[in-house]
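Enquirer: Those sequence lines, one after another, are chains X and H.
Each residue of the first sequence is one higher than the one before, starting from 1 at the first, in the numbering used here.
Each residue of the second sequence is one higher than the one before, starting from 1001 at the first, in the numbering used here.
Quick caveat, the hints were computed from the structure, so don't treat them as lab data.
Owing to the predicted nature of the structure, the values given are computational and were not obtained by experimental measurement.
Possibly wrong hints are sitting among the right ones.
List time: in silico PhoX-like cross-link candidates among lysine-lysine, alpha-carbon distance up to 20 Å [stated by the list, open to error]:
1) X:LYS5 / X:LYS21
2) X:LYS58 / X:LYS21
3) H:LYS1078 / X:LYS75
4) H:LYS1078 / X:LYS12
5) H:LYS1020 / X:LYS21
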Amino acid sequence: MTTNKDADAQAKTIALLRDLKVLIVEDSDAMRALLTALLTAMGITHISCAQEGDAGLKRFTEIMPDLVITDGMMKPTTGYAMTRAIRNLRTPDNKPAPGSDVPVLMLSGHGEPHIVKWARDGGVTDYIVKPVTAELLLARVLAAISSPIHIVETATYRGPSPRRRLVPHEATLTPPVKSQS
Amino acid sequence: MQNTPTPATFIRLPSIAERKLGPDYCAPVRLDPRVLDQMQRTIEQLAVQYGQTLHSQINDLLSMITDATADNLYIRDKFYGIIHDVRGLAGTFGHPIVGKFAKSLCRYMETCTNLNPTIVRFHIEAMRDALEDAHPDEKLSDETLTSLAHLIEAAEHESETARESETG
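So that you can see chain X by itself, here it is in the shape it has in the complex:
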């Protein structure tokens, strides 16, 4: 049964998603199309895309998204390098640029610990190992936009704590079930 409180919370979430600006940085045409379709199905209407890190950074400064979803390995500039560049953006008076604390959700085919660590140290907020499922993407996007943003600032780094434990989220996939006939 849905209570008035639930309905109110859901209406707020719908409004939030409708207002959310998302930047997808992904070199695979098919993956970009899939992510765009899934975010659209979630009710997100402001979706911008770029095909690699340099173009992604340029698009980032143009639209100032609320959430970045990026691939890891791309040419010429990777999602890891782009995330570092976003975290290091500065205003002319050398203060952290607005938006440089944006949640960055990385979608990568690589779940090896050293690569996840590299992503974490570069300032990635959350890490999903491909292949992605609808359930996993929905959960991680909602977590990214609803969690408070904790930033660590040192002389050489500004971003999510590089000492935190970044758990790569992985979907459980099973092949189609055999029919009994």
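With chain X's structure known, arrange chain H on it following the hints.
Expert: Below, chain H alone, put in the same frame as chain X:
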């Protein structure tokens, strides 16, 4: 000399939801379960087209094996790009076993400079068979993956031995 730790400042910023919805926002964000159904239907709709794309990608890969395993770096790069794409997408669209073989081949290509055409071909053929079989056997696929891993290990050992005998 004493090692002084770098001073660090910890800052808590409001979530994106708090910023957008203002002070009356309360976690967790709730969404109608029908949104997930809609997302899953979206994947099902795209899966039909993806199945055809995957079929033609596998045919392309089969025709590229000779060049990709020789010294043609352009083709090898293109070949790896397709495999990497399959690794990332096949599972989402209901072909997890195809994705597993693609993952194994990706790793092989990432770690080995002299690619063995037979090992590459076996991977692609296993991907093709898993795609053509409407109900691929997971256990059999796992056994095939183990055999491929042994083949890779043997090929690596062989090339290492060859390198050692070359250097004396």
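Enquirer: It remains to establish, for every hint, whether it holds in the given structure.
Expert: To see whether the hints hold, each was checked on the structure:
About 26 Å separates the Cα atoms of LYS5 of chain X and LYS21 of chain X, which puts this hinted pair outside 20 Å; it is violated. For the suggested pair LYS58 of chain X and LYS21 of chain X, the alpha carbons sit about 15 Å apart, so the restraint of at most 20 Å is met. Simply put, LYS1078 of chain H and LYS75 of chain X have alpha-carbon atoms about 12 Å apart, close enough for the 20 Å limit, and the pair holds. For the given pair, LYS1078 of chain H sits about 45 Å from LYS12 of chain X by alpha-carbon distance, which is inconsistent with the 20 Å threshold.
Restraint check: the Cα-Cα separation between LYS1020 of chain H and LYS21 of chain X comes to about 11 Å, which is no more than 20 Å; the hinted pair holds.
In this structure, the hints that do not hold are numbers 1, 4, in rising order.
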